[in-house]
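Participant: What follows is the residue order along each chain.
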Amino acid sequence: MTEGKRVLGPDDVRRATTRMAHEIIERNRGLERVVLVGLQRGGVWLADSLGEEIARIGQPVPVGSLDISLYRDDIGRRPVVPGSVSSLPSEIDGARVVLVDDVLYTGRSVKAALDALNDYGRPDSVQLAVMVDRGHRELPIRPDFVGKNLPTSLGESVEVDRDGVVIVDAAETSARDGGSR
Amino acid sequence: MSARHLRGIDDVGADGLLRLLDLTDHMAEVGRRANPKVPALRGRTVCNLFFEDSTRTRMSFDTAAKRLSADTMTLAVGSSSVNKGESLRDTVETLEAMGVDAFVIRHRSSGVPWRISEWCTASVINAGDGWHQHPTQALLDLYTIRAERAARGAEGFENLRVGIVGDIRHSRVARSLTEALVLLGASVLHIGPRTLMPPTPLAPSTDDLDAALADLDVVYLLRMQLERIDSAVVPTGEEYSRRFALTPERAKRLGENVLVMHPGPMNRGVEITVDPAHLPGSVITQQVTNGIAARMAVLFDLLGGVDLDVGSPAIGSGGAAS
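If you read the sequences in order, they're chains A and B.
No gaps in the numbering here: position 70 of the first sequence is 70 in the working numbering, and each next residue is one more.
So the number in the working numbering is just where the residue sits in the second sequence, counting from 1, plus 181.
Think of the hints as simulated: they come from the structure by calculation, not from any bench.
Check before you lean on any hint, since a few could be wrong.
Under the rule of at most 27 angstroms between Cα atoms (straight-line distance), these lysine-lysine pairs were calculated in the BS3-like manner [what the hints assert, rightly or not]: (1) K148/A - K5/A; (2) K433/B - K111/A; (3) K148/A - K111/A; (4) K218/B - K247/B; (5) K148/A - K247/B.
Some residues of chain A that are not near chain B, with every Cβ distance over 12 angstroms (derived) [as the list claims (entries may be wrong)]: (6) S69; (7) P143; (8) L154.
Backbone N, C-alpha and C fix where the C-beta goes; we use that ideal spot for every residue, glycine too.
Extracted from the complex, chain B is given alone in its bound form (with noise of 0.2 angstroms):
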């Protein structure tokens, strides 16, 4: 049997999604023990290959790995052969031939991870390539929602009203955040200068966010990347922040059942200028949290099989996954 992935949304069908959002109820069960960690991974080793800085991501899959007791090697560009010169694929097949079965790539380029898993037998996750895909974060998105909506006393994605402010022409996260709360059932209203949305648009967009607010379930704040704030696209952060930010004014008009969300790390003073420990519905804590969770179920689903002809699993079983 070919390894299965996680490269992008179109790996994992609706079904799967939920089917990885139960298996993440597992994970967070054993994340709440004073002992967070079980056996089911033992003797697999997982190998985390970042082109790109990362460190949340990074200690999240890192962390993931070892509460399910697998081994785990971290490649981090600066200290490898990739800077004398060795190819991405020499590297991809030396780590191999260590004995791994999944990487984990982060990589600046779009596209990477479909061919690293031209290239080995091991499973691949993308833990965000360029603007393209994020797929980990949109679960550990799509978890929290679930969670945090269930101890309000909301269920479902039917119903949803999802606002995702911010840079979304240049954004992996609302790529796939977008694809998966779609894919689910929920709506999704892009929020922004019109000079960030995406050519080919997936989603509703408004460039007027005091208009959408009334309107929204959850407020989902993307990282305004500094280098762009100056640029042609966003003349100055005074502006943007005055018409995008979350501000306490804003902050006020929030029902009381509304989340706020950010993927990490925060820009403060720009894309938000409240104090999210001071917002009921800040669940940015929890986001965090619930990565580690979501991540060991993407793991477990991938690697937990040693027969699989046997019962179901979530990833490519559904979805486009080749």
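Okay, chain A solo, but in the shape it has when bound (with noise of 0.2 angstroms):
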């Protein structure tokens, strides 16, 4: 992980999955029809976890990915990762779909993920969880679940995974991977 400001460690990264992981089951009482779909790539391992932690408190649910590369309104800006192929676990006609990624920020990642879920079925209901919310939508997106609430600036960007959230200057990342999130 780069070097800037940590916000948050491993043991809140933990934390913070745990409460969504009974947010989640208090909202969708039973968890009858869940499915989690975590966003290709950053939403992946966040997918899991609180798939993991949803079986250890209640009863196991379907894990997915989506790959949105091929639905985003900057095509060709990102480039399609390999590997990060979608794969849906089971009927998304009339589940109740938690879509989950690592940091909200535009929503236009969101949207890209709605159109793509539209394209294998009609799901019941779709929710959002996501590890990191840091403001700044561009859409009128919202989140259903959130980790932490996080105020950033414009030149800052967010990297997350399961050990901490980190604040970076985007000036240090532009140039790696090609773009803030």
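Build the complex: two chains, separate frames, hints provided.
Facilitator: What follows is the structure, encoded as structure tokens:
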């Protein structure tokens, strides 16, 4: 992970995941037809972690992943990442889908994910779980489950994984991965 | 930024080929859905320009473009002004003025896609030029080899042994596939009559299929052009089949994980006298299915970028492209 200001550590991320798992169970009583879908690539580990926690507290639910690179409104600006092919574990028609991503920023990835999901079927409902909401939305999209609300400036980028959450000066990362998120 | 092209394997390096194969994985996933269509190339126009007969390649490109939501135009030479004496250059310039982002070109003369790429600002994709190149066929074949071998527990191209059987000299499929396989580290053996080997060898060759058979992971049968039979190079069809066809006897000697491939359309009874439906290693149908995904990957790589100074396209970033 890049050097920067560490906002959450591994324990914080684990606690936030457990809390979000409880909230997801509470909101979807019985967990019937609930499917967790992680956005490639940043959301996949969090969907897996949430899936483990939900199985521990309640009962197992299907966990899948969704590649949105063919649905983005900025196609071509971000390369398609090899090995991140979509894999949806169960029928989407009638499911209660919880989309999972690491960082919620402009909302454009979530919009692309909603478009992509639509091509697999018609879910009964779609909810959104993110580890970090950093603000600066450009679309009318809001999260249902949040690990941490984190006010940031546009000049910063946020990196999230199991080991924690770090805010970095975007100038350091833009050269490396082609943009902040 | 100038347009990038896929005219020959030279336009892509080894890294570019591997990236296109990974991208093909994404496109194959789209193809398996109930609704196999994505909005990735909305507003782009792909023009199929076929100066030589083709059914499957033309349909495959057309389907690939449509699955990416691009608009398509198709010009078959029989119905075009080319027959009124309009020059190739005028045709291309006229079509480009209608707003074409990519030309998919098949032509009986080698090198035509390179000429066309000098005349226009659109991307040019070679769908077969003369005896020269057919890069998307090579890509779909590589993808099929990779996917089918992975399904059988084998990985990588480094230890792969591919035998290409038939008329190597006149085959653009053999040329592109051989170049691509060699780039990725596979070993290629050309098998066929001495008279049908290229003047400049691309790979080691033999005219003894029976001796070569035991050491192959992939048997790639080429279509034997019927007009070449009964000429000086191939005396009779029976003679060719006896020495070079995949017969039931030869099929029995193939290991269980050996793949049998053919670019189609097959001349049953000439280069293949066994029903491929009864061969466990036959992946000929998969080649056709994968062709759509491979061509989607090429179209997306060439046309998907609006601002390609970020990210790295597969084509034209590693090869000898202009």
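Participant: Taking the hints in turn, state whether each one holds.
Facilitator: Status of the hints after comparison with the structure:
Proposed proximity of K148/A and K5/A is supported: the alpha carbons are some 15 angstroms apart, at most 27 angstroms. Of the pairs offered as hints, the one joining K433/B and K111/A is violated, with about 54 angstroms between alpha carbons and a cut-off of 27 angstroms exceeded. Taking the CA atoms of K148/A and K111/A, the gap is about 21 angstroms. The hint holds against a cut of 27 angstroms. With a C-alpha separation of about 8 angstroms, the suggested pairing of K218/B with K247/B holds against the 27 angstroms cut-off.
Distance restraint check for K148/A and K247/B: the Cα-Cα separation of roughly 42 angstroms exceeds the 27 angstroms cut-off, and the hinted pair is therefore not satisfied. Annotated as non-interface, S69/A brings its C-beta within 12 angstroms of a C-beta of chain B; the closest such distance is 7 angstroms. The beta carbon of P143/A is kept farther than 12 angstroms from every beta carbon of chain B, the shortest such distance being approximately 25 angstroms. Taking the minimum C-beta to C-beta distance to chain B, about 18 angstroms, the non-interface status of L154/A holds against the 12 angstroms cut.
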